[in-house]
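Got chain U sorted already, so can you dock chains X, Z and G with the ligands onto it with the hints?
Chains as they are written, first to last, in this note's numbering: chain U, 2 to 144; chain X, 76 to 367; chain Z, 261 to 448; chain G, 2 to 652.
Rather than coming from a laboratory, the hints here were simulated on the basis of the structure. Predicted, not measured: the structure shown is a model, and the values here were computed from it. Check before you lean on any hint, since a few could be wrong.
[Unchecked claim] Selected chain Z positions facing chain X (in silico; Cβ < 7 Å): (1) Leu365; (2) Val372; (3) Gly387; (4) Trp397; (5) Arg436.
Heads up, the beta-carbon is just placed ideally off N, CA and C, and yes, glycines get one too.
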Amino acid sequence: MPRETLKIVGFLCNWCSYAGADMAGMARMRQPDSLRIIRVPCSGRVDPLLVLKAFQEGADGVLVSGCHPGDCHYGNGNYFARRRLELLKRMLPVLGIDPGRFHYTWVSASEGARWARLVEEFTGQVERVQEAQPNLKIQSRIP
Amino acid sequence: MSVYSYFPGCSLSSGAMEFDKSFRLVAAAFDIGLDELTDWNCCGASPAPHHWGGDLGILLPARNLHIAGSSHDSMVAPCAGCFNRLKYAQHELAHNGELRRRTERVLREPVHYQTEVLNLVQLLNREIDPGDLAGRSQGRLAGIALGTYYGCVLVRPPEIVRYDDPNNPVKMEPLLKAAGATIPHFPFKTECCGSYMGLARKEIVLQASRRIIEVTLECGIDALVTVCPLCHQNLDLRQQQINDAFGTDYHLPVLYLTQAIGLALGFSPAELGIEAHLNADVGHWTLRNDDQ
Amino acid sequence: MISFPISINEGARLLAEIEQRSGQRLSACYQCGRCTSTCVAAFAFDYPPHRLMRLLQVGMVREVLASKTAQLCLDCMTCSMRCPMKIDVAGVIETAKAVADEAGLQDTERNVRLFRRGFLNNVRRHGRLHEAGLLIWFNFKTNNPMNDVKLLPLVLRKKNFHIFPPRIKNRRQVRRLFREINGSGKQG
Amino acid sequence: MIGVFICQCGTNISATVDTGKVAQAAAAMRGVADAESIQYACSDPGQAAIAAAIRHKRLDRVVIGACSPRMHEATFRRALDRAGLNPFMLEMVNIREHCSWIHSDVDQATEKAAGLVRKGIARVRHHLPLSAGKTAAVRRALVVGGGIAGIQAALDIAAAGIPVTLVEKSPTIGGNMARLDKTFPTLDCSSCILTPLMVEVKQHENIELMVNSEVDDVHGHVGNFEVDIRRKATCVDEKKCSGCMICQEKCPAKAPDDFNAGMGQSKAISVASPQAVPLVASLRKEHCRRFSGGKCRVCQKLCPAGAVDYGQQDEVVRQSFGAVVAATGYGFYDWTGAYPTYGMGLYPDVITSLQYERLLSASGPTGGHIRRPSDGAEPRQVVFISCIGSRDESVGRPQCCSVGCMYIAKQAILTKEHIPDSQSYIFYIDMRAGGKNYEEFARRAQTRYGTLYIRGRVGKIFPRWGKLVVMGTDTLVGDQVEIEADLVVLATGLTASDGAGGLARKFNISCDENGFMAEGHPKLKPVEAEAAGVFLAGACQGPKDIPATVAQAGAAAAKVIGLLSRGELETSPMVAAVSQSKCSGCFKCRDVCPFGAIEDERPAAGRTAARVLASLCRGCGICSAACPPGVISLSGYTDKQLLAEVVAALR
Ligand SMILES: Cc1cc2nc3c(=O)[nH]c(=O)nc-3n(C[C@H](O)[C@H](O)[C@H](O)COP(=O)(O)OP(=O)(O)OC[C@H]3O[C@@H](n4cnc5c(N)ncnc54)[C@H](O)[C@@H]3O)c2cc1C
Ligand SMILES: Cc1cc2nc3c(=O)[nH]c(=O)nc-3n(C[C@H](O)[C@H](O)[C@H](O)COP(=O)(O)OP(=O)(O)OC[C@H]3O[C@@H](n4cnc5c(N)ncnc54)[C@H](O)[C@@H]3O)c2cc1C
Ligand code: SF4
Ligand code: SF4
Ligand code: SF4
Ligand code: SF4
Ligand code: SF4
Ligand code: SF4
Ligand code: SF4
Ligand code: SF4
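Excised from the complex, chain U in its bound form:
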């Protein structure tokens, strides 16, 4: 499947990762166009249900990115995020979703280049999963 038609949703915290993505933009770093970014105040706001909802709606991949551990604007929101999302990641296979379609990470406001690289790599990863497992369908109902 060509990467132009991939749909990836990214949940980015306002303070670090969203700003990092801005930084990549300011530096005009070319990135695949598959990503749709949703801004959240903190990665700790990312309810796993939102991630599942994205898959249910047909997302080919979901990316969550927050501040580096220790840098959270709210102190420790990213630790909560990590705990929840780690659980979620382990649950994905049960729902028939290849965990390769999901990734959470940390990008700081100054790491534009890292962000661009991350989008490139994650897109590539989703592409590969997509080739192996083209029809993603989640059965269970999610609100």
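Showing chains X, Z and G with the ligands alone in chain U's frame:
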């Protein structure tokens, strides 16, 4: 009575035989059973790990570990160097499958390497109740200031030997205090004595050991206590060489830990082999009932 | 001494090997010199430990491999315990010595190497060390017959000191062990 | 009635995104009443066009596809407000940083931009008008810590007419600066510049000074912190005591001299120093004979003012404050355990730099004559060692103490001035002299005062013939060096002060890995703590020298004045709220809230439910992701809004 597999090593069976002698006396006094390893070999001491990528320094002690492990759960290696090599080998065998296979190729059977390896201080701390020792002490060490000299290999590398504070070890102190001695501050307790360079690069040993003796005396210490035969050789046997080289006139007794404890228990310097030392002058350390 | 020009390419390769085998971050060294300050043998080295670390950082690995330092370091680990950057300096030197051994690069401190070789050959032969034998062999080899002989009477005071070599029974196993390490177990 | 405005940003956007097409696509969406492409949305004409459309087309929601919201969200909110629309009915879509600037294919970029705008439209439908709340602020500030930082902040705030309570845990204000002799880089006398300020604090009508006091407990939030302050019993009535020191003279019980950093001796009852403010005695029960079972009553009998009261009890007073300045300063790294090769504190002539300041100081235990502790002799060879417990990962302290290099240079200069035939040696790794005139100052130590700088770290110190041998390395020479010293001074690292951690927890101040209080942003919010209404001044935020401390204290004061001069505070409306009727009372939300913004409430008998204290809530939304039934929601980032965005993003 707990029985330990006993690895004397080359030193304790030759140049440091008085260490062996005093150890056996103290062990008997406290009902510690010692069962010497059959047909043990040299652990490789300092030169082995410095050769052939260091693997010889693993395989030589591995054979001893295996012999001890075949019959005992715990072994004791009084020589600090042997202890260090055994711990090293144990660590490497546990973490390196390739080495384990090579060892087994040599042994031609599955290697036992998990036996507990104790150094002398560890063993004595485990087996001797300080109160008991204090009670049996004959007072010869009363008022004697002993410097606890650990050397380097007993405590380093800490992640391998896992024993005492590598920069400021203190585990000998309870035993010696119970034996009646005082333990002044001694900043050089882990200072290296010059190791095995005595023959090939004598000046390194003489220089390093001179400094240790100098600081020892500066700290008001009457004698050093060690568990390392190589340190003992450098500090005691070579003391005359030091005096010759630097124009000093040192006469510092250097005792093995078991000799110090033995003195406290009332054994004579001769029984403990102290008389074989270059500086054997502990005659004025009197027993409590010598006075009468 | 240091020779110029330095071959950076070869230096880089050997350096990578030393870093990898010793598992140490050489780049973390900020040249504070504390390792040297604590070393009891540095006076006899050609490069004190901190200097050796710097040589490695700039890729002058050959100098390190061929140094007296690599042969004379006592592996007492005092430097490693004191390094504020938690570098196992002794481990680095140790590795350099091993790499030098393998590459046949050492041409200094003949006596020290001779001693180590003699020691191990002695062990290979008997299974245990025969101290007197080693002393005599070493003195003969180094053409210094009086070296330490004054100590002999002192040692002989210790009554059951072995004049003849102690020998273990299963010497074949020990020799097999040496062969396992380096094929012949002869050279050092 | 949604209005959609697609900005061209000159060619920044329009070069890769066909903004006209995007507007067209948007116009076709449900609820969109107006969609247009604008050349520069943020410019005056651009904003005017948006305002006109709001008025003429009766828009009630606006989507702007332009640059990052981090750039202009505030601009456009104000524009909406001016046009008579609730400013929170805005949704910004980032089609520049996240689209036009990172793609090159016009068709693809245009399609993506249209998709992003669709996502924004879906989201804006669920926007609700929000209004920033207002709360009254108590016009009084609390300053915790009475070092130079706290003193300066208190004086600056008080000068603006705002009352201040200054709480200091020790018996006198002045902090560490009061113990210094002269100060770099000008060598003015520390007491001469500090004492007048201390006295001014005492006399200022707007400042209430509480020494021997600590913060016990804190409730409330910015604008209204309710703080319990514990005034510790000192057995001396502060109002009666005149500071005559008769008690101190006659007291038979010796006690360590804290003010002199352990050099010299004090008594169980004492005045901290002759320059103490307030100049009153206090009694330390742990050293007093009477309190350890004896019969002594000497101080009470002799006090001419009748100020000694053995029965005095701790007293807790509650006060309300609108804002807080933390100025708890620094403490000293205890080197004795970590550096066994330097003697573990067992050599009397190996001392710390602060102890040396006391030896230099005319008001110190030796009256300003440098006498080494062991035998009172005047040292000739003085060795300074830098970076003790700093820049040392092996003892877990990687950071630089930031003042050591400078104060060692100062102490070396002063040593030479005190003892002209002395020689100072400084072991250093790098010379850090970044401030104004610092390098010149440190150079003088070398050139004019003959200090020998030796680049290298010391390995060991040991005794020899009544001297101390310092074994180091001169890395520039490349070899070991040995110095026989009469006195060794260790530049011990600065740590967070003892009480800092506890205070930080009470005020929700986060601390960095070294225990120092964390500022809001290292560059842009250097004096704001993360918690609203709490500000940081001085070395509590990180090691720093006096000029930087005073500058930061002034800045913190300015922030407090700015906050409290308005009388009331605006609060962000993007906060969480609980639908209490559906709340199960599990308090998962309270467990995760980093700001303690959630409390329990009993909306009906027998039921507890969560309630968000809007004034504490910072809008992180962590609670709403934690709530099992999903009934706590963050305005602006409700489940509805985010789900709509997710669905639209994947159409
Ligand atoms: C040896 C040495 C020499 C120096 N020389 C110089 C120099 O020459 N020039 C220069 O510019 N800088 C110098 N400095 C740096 C200078 O000391 C600091 O910049 C300055 O003292 C910082 O002031 P502060 O008010 O932030 O902290 P501090 O002086 O530490 O004051 C903090 C105060 O808060 C109190 N406190 C702590 N916790 C609490 C609590 N929980 N509740 C209530 N009160 C509390 C403390 O008791 C103390 O009074 C030197 C530092 C040292 C170590
Ligand atoms: C290469 C370099 C890299 C740096 N990197 C960093 C970094 O990574 N992190 C960091 O913290 N700091 C960094 N700095 C330092 C940082 O640039 C300064 O701290 C900061 O810019 C100072 O801001 P300022 O407002 O005081 O001065 P300036 O930025 O110089 O602003 C002064 C303004 O005043 C105007 N002006 C001057 N005279 C007049 C006049 N008479 N009338 C009207 N206007 C006037 C000037 O035109 C200018 O706009 C760096 C500096 C350099 C040189
Ligand atoms: S002590 Fe460590 S950091 Fe310092 S010079 Fe030696 S290796 Fe480098
Ligand atoms: S290990 Fe080697 S370099 Fe390090 S202190 Fe010991 S002798 Fe010196
Ligand atoms: S609103 Fe943003 S995108 Fe539009 S002109 Fe202004 S800066 Fe450029
Ligand atoms: S308590 Fe009394 S004696 Fe002591 S200083 Fe105060 S007034 Fe003087
Ligand atoms: S009661 Fe006695 S010991 Fe206690 S402070 Fe007063 S004078 Fe000192
Ligand atoms: S300021 Fe100087 S003394 Fe202090 S840690 Fe930094 S370099 Fe070391
Ligand atoms: S987590 Fe949800 S249900 Fe539980 S107390 Fe908080 S708001 Fe109520
Ligand atoms: S949004 Fe954040 S700060 Fe507000 S109540 Fe929820 S967890 Fe606490």
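*So which of the earlier hints does this model not fit?*
Result: hints 1, 4 break, sorted rising.
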